[in-house]
Amino acid sequence: MLIELQNCGVKDILIACVDELKDFPDVISAVYPQAQIQLCIIPHGTQLDEVCAVEGLQVRDSDLKRIYQSAAEEEALQALDEFAGRWNEKSPHISCF
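Quick note: the sequence shown uses this note's numbering, first residue 436, plus one each step.
One or more of the hints may lead you astray.
Simulated DEER-style distance windows between Cβ atoms [said to hold, decoys possible]: (1) E524 <-> D458: 25 to 31 Å; (2) Q493 <-> I438: 38 to 44 Å; (3) E439 <-> E509: 16 to 22 Å; (4) V494 <-> A470: 30 to 36 Å; (5) V494 <-> F459: 46 to 52 Å; (6) F459 <-> R521: 39 to 45 Å; (7) R521 <-> Q471: 26 to 32 Å; (8) D516 <-> N442: 27 to 33 Å; (9) A519 <-> K457: 25 to 31 Å.
Note that these hints are calculated values from the structure, not bench results. Every residue gets a Cβ at the ideal spot worked out from N, C-alpha and C, and that includes glycine.
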């Protein structure tokens, strides 16, 4: 698939957002060495739904958005710390996703 993109004229990609498919980040790096690989959090979101009460889902999602919509790494790390502080009490491993 990536070779087909390359053959169609795609010379470089900036960011590749991928699920945790085995070896896929390595394949992307081989074809597009400058690409930044980022793991997609959507599959983790469905796992998080299982540990959050329904009434807390909207609040949790809002807190998650503050992390992945941050403009800078420092801002994202601060949002992650706040997320962990708020949600780890209810579910100790939630911020590990």
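* Using the beta carbons of V494 and F459, state whether their distance is inside 46 to 52 Å or not. => 33 Å, violated
* To do: Go ahead and decide if the range 25 to 31 Å is satisfied by the Cβ distance of E524 to D458.
  => 37 Å, violated
* To do: Given the range 38 to 44 Å, decide if the beta-carbon distance of Q493 to I438 lies inside it.
  => 42 Å, holds
* Determine whether the Cβ-Cβ distance between A519 and K457 falls within the hinted range of 25 to 31 Å. => 28 Å, holds
* **Cβ distance range 30 to 36 Å for V494 and A470, holds or violated** => 34 Å, holds
* Has the hinted range 39 to 45 Å been met by the Cβ atoms of F459 and R521? -> Check failed, 32 Å falls outside 39 to 45 Å.
* **Distance restraint evaluation - D516, N442, Cβ atoms, bounds 27 to 33 Å** => 44 Å, violated
* Given the hint of 26 to 32 Å, check if R521 and Q471 actually sit that far apart at their C-beta atoms. => 28 Å Cβ-Cβ, so the 26 to 32 Å window holds.
* **Assessment of proposed distance window 16 to 22 Å (beta carbons of E439, E509)** => 38 Å, violated
Hint compliance for this structure: hints 1, 3, 5, 6 and 8 are broken, all remaining hints hold.
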